[in-house]
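Visitor: Listed here are the chains, written in short residue letters.
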Amino acid sequence: MEYVIEMLNIRKVFGAFVANDNITLQVKKGEIHALLGENGAGKSTLMNVLFGLYQPDGGEIRVKGKPVRITDPNVANDLGIGMVHQHFMLVDTFTVTENIILGSEPTRAGTIDIKRAEQEVRELSERYGLAVDPTAKVADISVGMQQRVEILKTLYRGADILIFDEPTAVLTPQEIRELMDIMRTLVREGKSIILITHKLKEIMEVCDRVTIIRRGKGIATLNVAETNPNELAALMVGREVQFTTEKRPAEPGTPVLEIEGLVVKDARGLAAVNGLNLTVHGGEIVGIAGVDGNGQTELIEAITGLIKAESGTIRLNGRDITNLPPRQIIEAGVGHIPQDRHKHGLVLDFPIGENMVLQTYYKPPYSKRGLLNFTAIYEKARQLIREFDVRTPDEYTKARALSGGNQQKAIIGREVDRDPDLLIAAQPTRGLDVGAIEFIHKRLIEQRDRGKAVLLVSFELDEVMNVSDRIAVIYEGKIVAIVDPKATTEQELGLLMAGSKRKEAGVSS
Amino acid sequence: MKSNRLQQLFIPVLAVLLGMIAGSIVMLASGYNPIAGFSALVYGAFGDTYYIGETIRQTTPYILTGLAVAFAFRTGLFNIGVEGQLIVGWLAAVWVGVSFDLPKIVHLPLAILAAAAAGALWGLLPGVLKAYLKVHEVIITIMMNYIALHVTNAIIRSVLSDEGFKSDPVKPSASLQSEFFGAITHHSTMHYGIFIAIAAAFIMWFLLERTTKGFELRAVGFNQHASQYAGMNVRANIILAMVISGAFAGVAGAMEGLGTFGNISTKAGFTGLGFDGIAVALIGGNNAFGILLSALLFGALKVGALEMPSSAGVPTELVDIIIALIIFFVASSYMIRWLLSRGQKGAE
Chain A
1 MEYVIEMLNI
11 RKVFGAFVAN
21 DNITLQVKKG
31 EIHALLGENG
41 AGKSTLMNVL
51 FGLYQPDGGE
61 IRVKGKPVRI
71 TDPNVANDLG
81 IGMVHQHFML
91 VDTFTVTENI
101 ILGSEPTRAG
111 TIDIKRAEQE
121 VRELSERYGL
131 AVDPTAKVAD
141 ISVGMQQRVE
151 ILKTLYRGAD
161 ILIFDEPTAV
171 LTPQEIRELM
181 DIMRTLVREG
191 KSIILITHKL
201 KEIMEVCDRV
211 TIIRRGKGIA
221 TLNVAETNPN
231 ELAALMVGRE
241 VQFTTEKRPA
251 EPGTPVLEIE
261 GLVVKDARGL
271 AAVNGLNLTV
281 HGGEIVGIAG
291 VDGNGQTELI
301 EAITGLIKAE
311 SGTIRLNGRD
321 ITNLPPRQII
331 EAGVGHIPQD
341 RHKHGLVLDF
351 PIGENMVLQT
361 YYKPPYSKRG
371 LLNFTAIYEK
381 ARQLIREFDV
391 RTPDEYTKAR
401 ALSGGNQQKA
411 IIGREVDRDP
421 DLLIAAQPTR
431 GLDVGAIEFI
441 HKRLIEQRDR
451 GKAVLLVSFE
461 LDEVMNVSDR
471 IAVIYEGKIV
481 AIVDPKATTE
491 QELGLLMAGS
501 KRKEAGVSS
Chain B
1 MKSNRLQQLF
11 IPVLAVLLGM
21 IAGSIVMLAS
31 GYNPIAGFSA
41 LVYGAFGDTY
51 YIGETIRQTT
61 PYILTGLAVA
71 FAFRTGLFNI
81 GVEGQLIVGW
91 LAAVWVGVSF
101 DLPKIVHLPL
111 AILAAAAAGA
121 LWGLLPGVLK
131 AYLKVHEVII
141 TIMMNYIALH
151 VTNAIIRSVL
161 SDEGFKSDPV
171 KPSASLQSEF
181 FGAITHHSTM
191 HYGIFIAIAA
201 AFIMWFLLER
211 TTKGFELRAV
221 GFNQHASQYA
231 GMNVRANIIL
241 AMVISGAFAG
251 VAGAMEGLGT
261 FGNISTKAGF
271 TGLGFDGIAV
281 ALIGGNNAFG
291 ILLSALLFGA
301 LKVGALEMPS
311 SAGVPTELVD
321 IIIALIIFFV
331 ASSYMIRWLL
341 SRGQKGAE
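Protein chains in written order, with full-length UniProt numbering: chain A, 1 to 509; chain B, 1 to 348.
These aren't lab readings, by the way, just hints derived from the structure by calculation. You can take every hint at face value.
Covered stretches of chain A, as calculated for chain B (at least 3 residues, CB under 8 Å):
| no. | stretch |
| --- | --- |
| 1 | 345-355 |
| 2 | 370-381 |
Ranges of calculated distance between the beta carbons of each label pair, as one might list FRET restraints:
| no. | chain 1 | residue 1 | chain 2 | residue 2 | range |
| --- | --- | --- | --- | --- | --- |
| 3 | A | Asn9 | B | Arg210 | 49 to 59 Å |
| 4 | B | Leu17 | A | Asp72 | 35 to 45 Å |
| 5 | A | Asp462 | B | Ile11 | 50 to 60 Å |
| 6 | A | Asp72 | B | Ile11 | 27 to 37 Å |
| 7 | A | Ala498 | B | Tyr132 | 38 to 48 Å |
| 8 | A | Asp320 | B | Arg337 | 52 to 62 Å |
| 9 | B | Arg210 | A | Arg157 | 54 to 64 Å |
| 10 | A | Arg215 | B | Ile11 | 34 to 44 Å |
| 11 | A | Asn22 | B | Arg337 | 28 to 38 Å |
A few chain A residues facing chain B, derived, Cβ under 7 Å:
| no. | residue |
| --- | --- |
| 12 | Pro326 |
| 13 | Arg327 |
| 14 | Ile330 |
| 15 | Gln359 |
| 16 | Tyr362 |
These numbers come from a predicted model, not from an experiment. Ideal Cβ placement from N, Cα and C applies to all residues, glycine included.
Can you build the whole structure from these sequences, using the hints too?
Guide: Below you can see the structure in the form of structure tokens.
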């Protein structure tokens, strides 16, 4: 069998840190090859080497059997390597065609030959079953469609080898299904695909082979047909991992959070949360399922006081906390694991130790007569670092220097340690690997078992179904259904998230 | 780690040397003797107790304007208004200095506090506009500089003098001038203000690094979103930061009004002390101790440069260029660091 890409014993070193330690990746023509690894395992580094963004310190790259030196992304393009980025690089106000030809515009007599370009884009789209309208404005099409535009961009430039970087992170279940079909079509038409992911389910479903890397080293390359998720997870993390977190049935107590008729406007002045009602009891985890942009962010920011609610009430333990300043809401007993840990969760240029007292720095023992008590601050920091297994050289290291998973563990440690009656966890495991996810889920359930209320917001259906005791589906700023995770399916949730009404009367609450 | 420390110390020295080499080329190209020129510069800054006294006197306001800019920087703000805050502080100090007859132990602190309060007030307005209306502080502070310049001129003419161009000298009870320093430095204008400037550097360090309020100010400076999330009052902290920054600048004005000049005159243009403060703060790494050193560099260059035309015959225009070159190289120590790392890679 011929290999289209061979990366042989690739080594890449940053200072004293070995990011890629003699990794070998061989991709066969016409296969979907998964690249699996934890965060920081070296996947991105390896792909950046292939795409010409980094120069390897050792090893050899062969494309279609020929040794090559990929000195920059243009060389990679010329060799037929295309990258579908996780964060789309599209100009919102341009049409699909304009975005696709950007940088390699076909011209006629000095002007762009837009008709010809549109024709070409349409042909490509039909050939690979992408169903993209070449004349639509990017701002007007869905996230899933925008991703297809990214795919078309690489195809338009003649790519034979497509690298997909965590492509499903932003998609709904239906869109994920469609993407997998597209990937199968691409392969059938002779393309080869490298899929960067840490989602085992996707690998099992769509990939032919998988290469696992751990801490910069190549661990194994397996045929997907001959392996299973448990083996993959164990190889990736280096130990056995549990997928479904064990938990007792919930014992809901009194209502902790009660939201009635909440309306919150977004930055554009539109009602992002539009008459939302929701109750979360002590001793239960309520999961909010929904496609990104249906009011989740505004809901959380209104509860925590970061933005003002237009109308409606939010009560915590019976007390009205609507539109109180954030500090009063925090002191009333709300903990918040924010969606964007870099924007909200941490002061990245502060030592991790000082980040541990971000909400409590002004209280004794951390502050005495207006002065900081660093002994007490760092004692608390060491305790949390130990209890929550935050891997950092020491408590004085800047938060910026920690990996995403460890930053997240630090935030969770801080929030859980304050022992809030209501813990809001927004996308608590985004971008984390199975080991860290398992840890975080356990902590959320632990809080629940101690009688606390937990509100979980996640775009990962697996997570919502796994961890929640009740699932509230949010659509266009309203809770449109409350379902029992044990009695629902991914398909049903997906449909509800897309706005279709429930037909059967079996609404559980 | 050890070699890093050494490099930290080594780079500014190398930067000054590179700046002097560039300055030498300029002098050679213009037909002047660089050795004579730089000898004059060094002699003019440190060659005699008189010159040392003058250098310290010039360093004093630079420390305070540097601290003012740095304090704002550390809290996420760009205070271009240090110049105007300095001018109103100068006026306030002199006003109090000439208007009252009080024991020195009351009068002098009162005059300095008046300067701090005036500077703080000049910082308050941009702070409030920034916090509540998101008006960029750079625009407001620049405009406040002009207001300060012309308002103080009007007050000097109509209130502090009889349509004249300068005020009376401040009463001895409000003066920072020092017979003792004069005696040991051949009658230089060095005054007690240097102690106030050094104390201010300590205060800035203590306030930012040791107090609970400083924790908040730094957090807001680095990340407003996280500060808001953590329950801090971002608006109040922005305003407070501008007020404190302005107070440092106001005290810098007091150094001129109570120390160096002992009065205030109408000005045709800005003093430049406030704008140089931006460079002092940046070269000092926005750190209190670093600012003491970079203010000394600026003070020494400014005072030493006066000697270059008279003893080496280098014209003042060229002197300005040479001083600017040295500061340019110190400011671009990033470039030197980069060149060094390239060199190290090449050697491997």
